[in-house]
Amino acid sequence: MAQLTAPSPEVPVTLWQERWGKLAGTLLRDPTLGLGLISSILFVVLFVATPLVQVIVQAFFDSRTGDPSLEYFRRYLDPVYRGHQWRVLWNTLIMGSCTALGGTALGLIFALTLARCRVPGQRWLHYLSLLPTVSPPFAIAIAAILLFGRSGLVTRQWLGIQFRPGVNDIYGLDGIIFVQIITFFPVAYLILRALLERMDAAMEEAAMNMGASCWQVLTTVIFPLLIPGLAGSVLLLFVESLADLGNPLLLGGNAMVLSSEIFLAVNGQYDQQRGAAFSLMLLLPTLLVFLLQRYWVSQRSYISVTGKPSAGQIAITEPWIRWPLVILTGLGSLLILALYGSILVGSITRLWGIDYSLDWQHYRAAFNRGLTPILATTFLSVAATPLAVLMGILIAYLVVRKNFWGKQSLDFVSNLGAAVPGTILGIGYILAFIRPPLLVVVGATVILAWYATWSVLAQRCWGVLLLGSLLGALLRWVGPSLSYELYVGGIGGLLMAMGGVVGWHSRLWKGGLLAAVGLYLELAVVEPFVTEPIGVWGRTLGGDMAKLLTSVQAMIGVIFQLPLTLVGFVLLGVVALALRAEARLLGRLHLGLVAVSLGLAFGLIFAGEPLALVGTPYIVIAAYAVRSLPTSVRAGMAALQQIDPSIEEASINLGADTQTTFRRVTVPLIVPALLAGAIFAFARHMTSLSAIIFLTTPRWPILTAWILSEVEQGGMSTAAAYSMILIALVFGAILLMTAFAGQQLRQLGGGLDLTMGGG
Amino acid sequence: MAEVSYLVFQDIEKRFSSREGKGQVAAVQNVNLQIEQGELITLLGPSGCGKTTTLRMVAGFESPSRGEILLAGERINQKPPHRREMAMVFQSYALFPHLSVFENVAYGLRLRSLLEIEVRKRVLEVLELVGLEGLEHRPPQQLSGGQQQRVALARALVLQPKVLLMDEPLSNLDAKLREQMRTEIRRIQQTLGITTLYVTHDQAEAMTLADRIVIMHRGQIEQVDVPTQIYQRPASAFVADFIGQSNLLPARVVGREGEVWIIQALEQTFRLPSTALARPLAIGEAAQLLIRPEAVCLHPRGSLRAGVQRATYLGPIVEYELTLGTQLLTVVDRDPLRPRIYPVGAEVNFDFLPGCLYLLPA
Numbered sequence: 001m002a003q004l005t006a007p008s009p010e011v012p013v014t015l016w017q018e019r020w021g022k023l024a025g026t027l028l029r030d031p032t033l034g035l036g037l038i039s040s041i042l043f044v045v046l047f048v049a050t051p052l053v054q055v056i057v058q059a060f061f062d063s064r065t066g067d068p069s070l071e072y073f074r075r076y077l078d079p080v081y082r083g084h085q086w087r088v089l090w091n092t093l094i095m096g097s098c099t100a101l102g103g104t105a106l107g108l109i110f111a112l113t114l115a116r117c118r119v120p121g122q123r124w125l126h127y128l129s130l131l132p133t134v135s136p137p138f139a140i141a142i143a144a145i146l147l148f149g150r151s152g153l154v155t156r157q158w159l160g161i162q163f164r165p166g167v168n169d170i171y172g173l174d175g176i177i178f179v180q181i182i183t184f185f186p187v188a189y190l191i192l193r194a195l196l197e198r199m200d201a202a203m204e205e206a207a208m209n210m211g212a213s214c215w216q217v218l219t220t221v222i223f224p225l226l227i228p229g230l231a232g233s234v235l236l237l238f239v240e241s242l243a244d245l246g247n248p249l250l251l252g253g254n255a256m257v258l259s260s261e262i263f264l265a266v267n268g269q270y271d272q273q274r275g276a277a278f279s280l281m282l283l284l285p286t287l288l289v290f291l292l293q294r295y296w297v298s299q300r301s302y303i304s305v306t307g308k309p310s311a312g313q314i315a316i317t318e319p320w321i322r323w324p325l326v327i328l329t330g331l332g333s334l335l336i337l338a339l340y341g342s343i344l345v346g347s348i349t350r351l352w353g354i355d356y357s358l359d360w361q362h363y364r365a366a367f368n369r370g371l372t373p374i375l376a377t378t379f380l381s382v383a384a385t386p387l388a389v390l391m392g393i394l395i396a397y398l399v400v401r402k403n404f405w406g407k408q409s410l411d412f413v414s415n416l417g418a419a420v421p422g423t424i425l426g427i428g429y430i431l432a433f434i435r436p437p438l439l440v441v442v443g444a445t446v447i448l449a450w451y452a453t454w455s456v457l458a459q460r461c462w463g464v465l466l467l468g469s470l471l472g473a474l475l476r477w478v479g480p481s482l483s484y485e486l487y488v489g490g491i492g493g494l495l496m497a498m499g500g501v502v503g504w505h506s507r508l509w510k511g512g513l514l515a516a517v518g519l520y521l522e523l524a525v526v527e528p529f530v531t532e533p534i535g536v537w538g539r540t541l542g543g544d545m546a547k548l549l550t551s552v553q554a555m556i557g558v559i560f561q562l563p564l565t566l567v568g569f570v571l572l573g574v575v576a577l578a579l580r581a582e583a584r585l586l587g588r589l590h591l592g593l594v595a596v597s598l599g600l601a602f603g604l605i606f607a608g609e610p611l612a613l614v615g616t617p618y619i620v621i622a623a624y625a626v627r628s629l630p631t632s633v634r635a636g637m638a639a640l641q642q643i644d645p646s647i648e649e650a651s652i653n654l655g656a657d658t659q660t661t662f663r664r665v666t667v668p669l670i671v672p673a674l675l676a677g678a679i680f681a682f683a684r685h686m687t688s689l690s691a692i693i694f695l696t697t698p699r700w701p702i703l704t705a706w707i708l709s710e711v712e713q714g715g716m717s718t719a720a721a722y723s724m725i726l727i728a729l730v731f732g733a734i735l736l737m738t739a740f741a742g743q744q745l746r747q748l749g750g751g752l753d754l755t756m757g758g759g
Numbered sequence: 001m002a003e004v005s006y007l008v009f010q011d012i013e014k015r016f017s018s019r020e021g022k023g024q025v026a027a028v029q030n031v032n033l034q035i036e037q038g039e040l041i042t043l044l045g046p047s048g049c050g051k052t053t054t055l056r057m058v059a060g061f062e063s064p065s066r067g068e069i070l071l072a073g074e075r076i077n078q079k080p081p082h083r084r085e086m087a088m089v090f091q092s093y094a095l096f097p098h099l100s101v102f103e104n105v106a107y108g109l110r111l112r113s114l115l116e117i118e119v120r121k122r123v124l125e126v127l128e129l130v131g132l133e134g135l136e137h138r139p140p141q142q143l144s145g146g147q148q149q150r151v152a153l154a155r156a157l158v159l160q161p162k163v164l165l166m167d168e169p170l171s172n173l174d175a176k177l178r179e180q181m182r183t184e185i186r187r188i189q190q191t192l193g194i195t196t197l198y199v200t201h202d203q204a205e206a207m208t209l210a211d212r213i214v215i216m217h218r219g220q221i222e223q224v225d226v227p228t229q230i231y232q233r234p235a236s237a238f239v240a241d242f243i244g245q246s247n248l249l250p251a252r253v254v255g256r257e258g259e260v261w262i263i264q265a266l267e268q269t270f271r272l273p274s275t276a277l278a279r280p281l282a283i284g285e286a287a288q289l290l291i292r293p294e295a296v297c298l299h300p301r302g303s304l305r306a307g308v309q310r311a312t313y314l315g316p317i318v319e320y321e322l323t324l325g326t327q328l329l330t331v332v333d334r335d336p337l338r339p340r341i342y343p344v345g346a347e348v349n350f351d352f353l354p355g356c357l358y359l360l361p362a
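Going down the list, the sequences are from chains A and B.
1 is the number of the first residue of the first sequence in this note's numbering; add one for each residue after it.
1 is the number of the first residue of the second sequence in this note's numbering; add one for each residue after it.
Rather than coming from a laboratory, the hints here were simulated on the basis of the structure.
Each hint should be verified, as a subset may be incorrect.
Claimed, not checked - Derived lysine-lysine pairs resembling DSBU-like cross-links, with alpha carbons at most 30 Å apart:
hint, chain 1, residue 1, chain 2, residue 2
1, A, Lys-407, B, Lys-79
2, B, Lys-121, B, Lys-162
3, A, Lys-402, B, Lys-162
4, B, Lys-176, B, Lys-79
5, A, Lys-402, B, Lys-79
This structure is a prediction, so every number in the text was calculated from the model and none was measured.
So that you can see chain B by itself, here it is in the shape it has in the complex (with noise of 0.2 Å):
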């Protein structure tokens, strides 16, 4: 038997009375997961789709109503959540008012009984990890929302946890400050080695954070991957659209050369590698092609012809819409040297670069 994981999920389930008090809801069901020491996984997915009662679950605040968690081989179903030494960072960073900084990033310390002098030295180290020295006198209410963020990220890790946990930390901060936190999170916690349990929405976050990206979808697991597998060989169709933006194609399987895959789909024959198919399909089978719009070459010569529904400028780059037949079509275009923007209307011609298909299920 190979080495068991740090973290596991066993078959979880989580099922709540519904609200109007008959029958139960699932919001968590066939869980199955194996997170590595140091690892730092995020779990993404809409909202509702059970990624917070997954970490809830792990902090012992929820309890799952099938189904194992083991922590280093130990179960912990049945453990408190005060005795998990599972820090957990919360989204609306749960500071304690009537605390300063330094009392608040204290908290955990002193329940422990540590020394004065060993609580001192362990919370002005992580402070000036976090990069708060010389704020640890302020009532938390008087730190701008960047700051607040960064005692509660300290407040977990002075106690060293087995695992981080963090649920949805960054969903408050401006877009700016997001970037840089993450990028800061994302260095403390490689310089700790800390095993991390990261919730969010946002797949950006989950793309630049990520050892590996879980992404969840009503209640359960869709896809396990590094985010580039993720990206590029999406498990399904709710993944393709979920991560990026994605065309979907209706699409048929008309035969098979060897390792050489035939589809067609818009009225055209593509040559696929068995690499761009998620799963081997049967001859006949209906599919769908995914084409990321990216992934759309615009060019005079170009075998396609489609007509523009729709030019967004965004600097960068140009967004279309293009209407073929009754299909549309998403396209991004950052050619800087293309003179000037398509009009509505206007007929253009393009071609998918090749490599960049991708074959799902129907």
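Next up, chain A with everything else stripped away, as it sits in the complex (with noise of 0.2 Å):
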């Protein structure tokens, strides 16, 4: 027989040529892949590095002229400013070392007793220790002042100490390590604990059949052996107590660190780069711990947390090892006992430090003035929990499963928005959305349109994307002489008309989702019209219902008014699936099709200011989903990695593409993960405080926002009401989720990792 192929010449291919064919085919092949791929590099890049790179910029310009300057720096060296900004950066370090050793120090107890000392209500202390984590960031801090504040409970009302100045009170340095210390130990305790609980048993009883002692196992077995959990959770907490707002707003006194600096610079001071340079300093331990945490602390676990944990631990018997953890436990435990008690209790006493009479009116004071945040706080976070679960997952499916050229930075930015102090995040949200992030919006948009023709057309693309461009520009051009009803309305009809030719000529679907779009947009015109008139009416209710019904109808208009410039987006995304492969059923048509749809995306896209979101409610959901998105995407990424590649391979074998696979067998799969992680998102969106108090909006008041400015007013009992409020909608949230999905939850244990982004 014939040699039918002859040996293929060797073509020199370099590195990047070869890399950037892989992506290529890889994005080709399957446009939902693709689509994934470009929206959550967009994802990361629109909301976690512009805003990042934005406030790097911004410390080295003077935000009133906008000339370069080094002020800021300059002042390190200035003998007039030299003591002050030395000593807010002593106090920082000060604050983040002794926090840091303290928490994890605390937190080994924690998880020596409850790992291995084998004492009565195990499963409870375990559930209080877990408290800080889903309670708002200053619960402690306002508990703390309750009992040992000036007033407090025990400082004054049962030791009688009288405040006057010079004597040292819960305010200052040594009251914000104190508190942050109970606030973040839980941290440590669970990366302790996973640590204790997945050794090797084995390991210790050799050491013990070995002849050693229970100290000695404890001294050269498993204190080596959990060196880098303990490296890890310290610089972690290091990491955290420099982020903390909220603690050292509360309790700071004269103490600043860098965040209330960065918090008075900006929101007393409205001097732009001065937070901004506070940030730098701030944000340059925390990358460097970020990166050490990743690079090396990580690689050198001896002990994978995802393994499951072993049978049979060995418990700690021996009396004075045993007795002094489990006291010291007990004494931890009592003391969070005490502070959240005080929290509960405070918010149903009269008058706290003079008349400790049971009285509702907090509550009743605080449901009456603080429906609105408590009401917007509970939308925006359920709102913004979609996004961060299913962007989480797909960063995840994207990591685990794919290959491709820059996986490792994607999956580094999106950890990021959650690993730098959430100040900074703020900051940069303001400075990035103030104006319309056009340099981003218009790459975004090349991409996304360049991306949509090449996968439709393969190669008429350029031709198409001109007739586009044009088409687009000319919309732009005449559009502010139309009405924004006209021009959004007249879009969203031609779609819809174009959406009956693609569903009448080819697949339904596809014509489905492009007459979607449109319809989306017709509903955008129209929602207006149809809510306005529930706000006027709610208004000649008065009281409690009128607020009631405002926001209802603010929340209506969340959902129906998206930027045009994220439906723009997402109609060239429905492009690239709706209108690939129909050359043979559209004929001529075809070409048309593409190109007036992506004028008409372009048209949208580049309406009015395109997202200069500062102000919106959209700038608080996307925080939220950056704050939160590290979870989702490690708690999708533990799920996947526990599922056999070979299932996935099997599904297609039988004969299921990509997405079927990826619907039937893969996400059933990881739905226990999806859920945990849907909760501990919106947790997380509920109690974050340093990201969004920049972006918090008369029209949009975030609860935990609105709890500091009600302490600062003085009002400890209602801000201790607010508090309980806000922990208790976060437990019914979790309550509720177990309700429906404990069955599936129970299966995925303690995979979850609740370690960042908190505050």
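Starting from two chains that each stand alone, build the complex the way the hints lay out.
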């Protein structure tokens, strides 16, 4: 038989070409995957990378004149400012180190006791120690003020201390550190407990078998194996402490740290450069620790945390080791119980410090004045949850299952959003979205449009792109002379008509996709006419009903008034899906359809001020989602890594394509992780403060920021009442989810990562 | 031109980027193979020899860096895996943990939008074929290893695939079950007449199952033949050593008398027919003489003599290691009448059974 294929000549392929070829191949073969990849990259670039870059840049430019300036770095040398500048830095480092060491020590004690000491009520102690991770970031600070403050129950009522200037009180660096240790130790506890539970019991048995006593096993086997975990936890707590804003604001007194300086600079002095410069000082140690944690500590870990807990852990029985651990854990638990108890009691006490009689007035006041923030915060948190979870699962899927160039960077940047202090992200959002981030919008448009035409047409791409751009420019030109309703409604109508054509000639769902975008635009036009009367009518009712109905009106608005730019992006994605491989069915019409839909998408994207999001609720949703993204990513990754890749291959082998496999095999298997991710994303959103404190507006007040201002006005009991409401909402969500999906969650066990993005 | 085989590999090569990111490693190269319809072919070789990669290229999970894979004359290199109609049985079974046995087997049928009644009929038929009637509503985790294996097989068979691919399907079962499943698989394959490509590293499995065995080594095919030929006439020292036990003695061709070759080894002269040579050799060329342990016959009047270095009693047989100068010789003795085991240090006489010697190039 003749040779069919001549040996192909060796074509020199550069590394870059090869990588690009691989990526392009992956993208072309599967438009869903391509769009998933593009949208996840777009998301992290827009909402993580851009704001952070903006902060760094702003630190070197005068925020009023726009001139390059090193003013705030020069001040570290200037004799006038030097003292203050260095003191802030010093305070910050002291606070971080003390919290890191103290929190890790407390976490270690709890972990050893609860994992190895067989104490009664272990499960409840476990839940109790997790309480700070799901409560508002300053709950402990409020409790500490109630118990140990100047008119605290313990300090003044029981010990009778009179606070005069000069007497050390809860306010100051020591108070912050005390509160931060209680707030952040659960992170250390979770890390160390996971390590302790996953140690191979046989190792300890081997040591005992060779004659080691309980203490010797502890010092020669367990501690050395824990070292990476201890180092990791110290680093993580250091960063958490630095990033914390609520506690330093409440308890700092005269002791300023970087995060409170940033807050003051932006919200008090309205000096963004000052804020950005302090942010940079805060960003550097944070990033350093993040990198250390990621590339050094994690590689030195001997125990894989993803493994299953090994059965038959050896209990610590020797009394002189066991009892100190148990007693310390007991005392710690009592303290936590007392702190949370004081919030509860404080919220129902008439006047703390003076009149301790029972009174519900604080709850009445909270619901009366705070109804709008309660509703707004819950709504935005709920709205951000599916976004965070979907993005998280998408990124996890891409990182775990797919091979593409830049995968590590995607993973890295998606983590970065929660790893950096929230205040920095908040400033970044203001800087990035006060004006349209045109560079990113144009870049994203070019990439999406190019991908859409390329995956739809493969070749005649440039002509159609040009035609579409001309159409878009035309729309942008006539746009201002048309009313909003006519402009948006017109585009929506055209899209629905095109959807009809495509649905008629080709598959129904393809037309449906196009028409759905059109329908959404029509609804956006109609919505205000329907909901406005609700608000007007509500205001005639007055009282709580007025607030309720106005909030409902605003929420419906959030759903239907998505920024047109985002709708335009979605339209480009829909074009890639709906008009693909339809040349045969639609004939010459096809090229025209692609060009027109591109033009319409451009018209939407560049309508008005694209993505000038400051002041809108969408920026809060984005900030929430970015903060909880790593939790979802990790939950998704853990779940995906447990699925044998051959299970997905089996599905493909049996005739399912990638999408079908994802839908029918992968998703059912990761549902528990999705649900757990959703719960904790929601809890994270509800309790986040530092990231949104600059983004909250009178129209969209956020509960955490609201409570903070309540405390500053001295309403400690009202703040306690708000905190109880917030905790109840979070717990309500957790209970609701476990009631619906308890079975699936139990399968998951404790495979969740709660260690990032708090505060 | 002769009729084209059903499944053809033409000069297949697969390269992977090496882990360090520099350069590439060939996992499979120069693979040429023709498989006829209805044949059961096993790919046999040590781990890392490229057999699983070859199988995955047929399934479409890997694409060849070079060469062609043809199915019934059609080039399938670029065909996406879900359109290939080749069902695979995975080493880990890869059963869907969220679906019952019935739904696992029905999965592929449902993707083809068959009528529910047709799905039911075919699933129940194939479950009966593999002997799993009555278990269709169990979740797969509740089944034993052997039963899970059968589900995986049923799930593949129910689609009536063009080629059945099996990737070490029995390696997670215990020895007894493995033997039982082996015959079962062969029976089903024969009943359905389904073309099968079977990857294994277990030579007993390959021997009992295969119509033909493909021996792979370092990404290349060493030999393709029926089991008896593989054992009796190995193409290379690697094959001889890999299949069964073997003694490979250094030898030299010293002469040739027509169809008879004169070989020198162990300071003895052997006369071999040309059928006992893997390939013709030149006079004076170094070679290796293959002697299977069972081809050594211990008896007091044997012309060769060696010392016992090790004796292992295994019940039906006794395995000896003999030293003959510097040469070690493994011998299997299966004479049930022999009254005693030769102790270590004893001297024994033996002969090579005529007609059991085979000469390989050095």
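Structure-based check of all given hints:
A hinted pair counts as satisfied when its Cα atoms are at most 30 Å apart, and Lys-407 (chain A) with Lys-79 (chain B) qualifies at roughly 26 Å. With a C-alpha separation of about 20 Å, the suggested pair Lys-121 (chain B) and Lys-162 (chain B) falls inside the 30 Å cut-off, and the hint holds. Of the supplied pair hints, the one linking Lys-402 (chain A) and Lys-162 (chain B) holds, its CA atoms being roughly 28 Å apart against a limit of 30 Å. The straight-line distance between the Cα atoms of Lys-176 (chain B) and Lys-79 (chain B) is roughly 39 Å, outside the 30 Å bound, and the hint therefore fails.
A threshold of 30 Å between alpha carbons decides the hint, and for Lys-402 (chain A) with Lys-79 (chain B) the separation of about 19 Å falls inside it, so the pair holds.
When held up to the earlier numbered hints, the structure conflicts with hint 4 and nothing else.
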